[in-house]
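Student: Let's have the full structure, built from the sequences with the hints guiding it.
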Amino acid sequence: DTAVSQTPKYLVTQMGNDKSIKCEQNLGHDTMYWYKQDSKKFLKIMFSYNNKELIINETVPNRFSPKSPDKAHLNLHINSLELGDSAVYFCASSQGRGSNTEAFFGQGTRLTVV
Amino acid sequence: AQSVAQPEDQVNVAEGNPLTVKCTYSVSGNPYLFWYVQYPNRGLQFLLKYITGDNLVKGSYGFEAEFNKSQTSFHLKKPSALVSDSALYFCVHKAAGNKLTFGGGTRVLVKP
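Just so you know, the sequences run in chain order A and B.
Going by the working numbering, the first residue of the first sequence is number 1, and it counts up by one from there.
Going by the working numbering, the first residue of the second sequence is number 1001, and it counts up by one from there.
Please keep in mind that the hints were generated in silico from the structure rather than gathered at the bench.
The reader is advised that the hints may include incorrect statements.
Chain B stretches covered by chain A per the calculated footprint, using a threshold of three residues with CB under 8 Å from any CB of chain A [stated by the list, open to error]:
#1 1043 to 1051
#2 1059 to 1069
#3 1102 to 1108
Subject to a maximum C-alpha distance of 30 Å in a straight line, what follows is the list of computed DSS-like cross-link-like pairs (lysine-lysine) [unchecked claim]:
#4 K71/A with K1099/B
#5 K44/A with K67/A
#6 K1022/B with K41/A
#7 K1099/B with K22/A
#8 K1049/B with K22/A
#9 K40/A with K1099/B
#10 K52/A with K1049/B
#11 K1069/B with K1099/B
#12 K1049/B with K44/A
#13 K67/A with K1099/B
#14 K1077/B with K36/A
#15 K1058/B with K19/A
#16 K44/A with K1058/B
#17 K67/A with K1069/B
#18 K1058/B with K40/A
#19 K1099/B with K9/A
#20 K19/A with K1077/B
#21 K41/A with K1111/B
#22 K41/A with K1069/B
#23 K44/A with K1099/B
#24 K44/A with K1077/B
Yeah, the Cβ is synthetic: ideal placement off N, Cα and C, and Gly gets one too.
Tutor: This is the structure we're talking about:
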């Protein structure tokens, strides 16, 4: 069974469109994240939710809106897509708000904006 | 600011030789350090972590890492590299509030 799953795996869309990426984890974790990996493979956190509560919101354009309907899901909605949004987006989860637990990552969603 | 640095963009090693991937950190408080590996077109996989205790931590796939407080380093090592170890390796610090800060990554190429 896949621990952290994201859909879709690939997403190609035109500028200006609105799209969503879904993430689900079956590990029973209470914390979920979205990370962005740019073309140089650099990874940066975008959002983190703990028990459906937003706890980390980095300087991300407000076109990006995360939604956590329950602890097992954290979806990412992006409005008015821009060329610069092209990247690989990773969902992850971990247990607890302590710092000693590892995060488990999904396979990534490669978003290409044309 | 919390940060981790990986000074080498790429490491080349012959199969069977020792592999070292370097990481230095600059954090306030206790450093919670992790190593992750990313294979091509795949997600990140956890290798090992240092929280407290023994400075030498052992992880998956024969990897280990040594925490050195005086040198503020957490280098990843493997005694005998395999071609299948070729991948992108990330050193990561986890701060309170679960924020992960990634190093820039080091690409490892193991040649047969």
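Student: For a quick check of understanding: which of the numbered hints are violated here, in increasing order?
Tutor: 2, 15, 17 and 20
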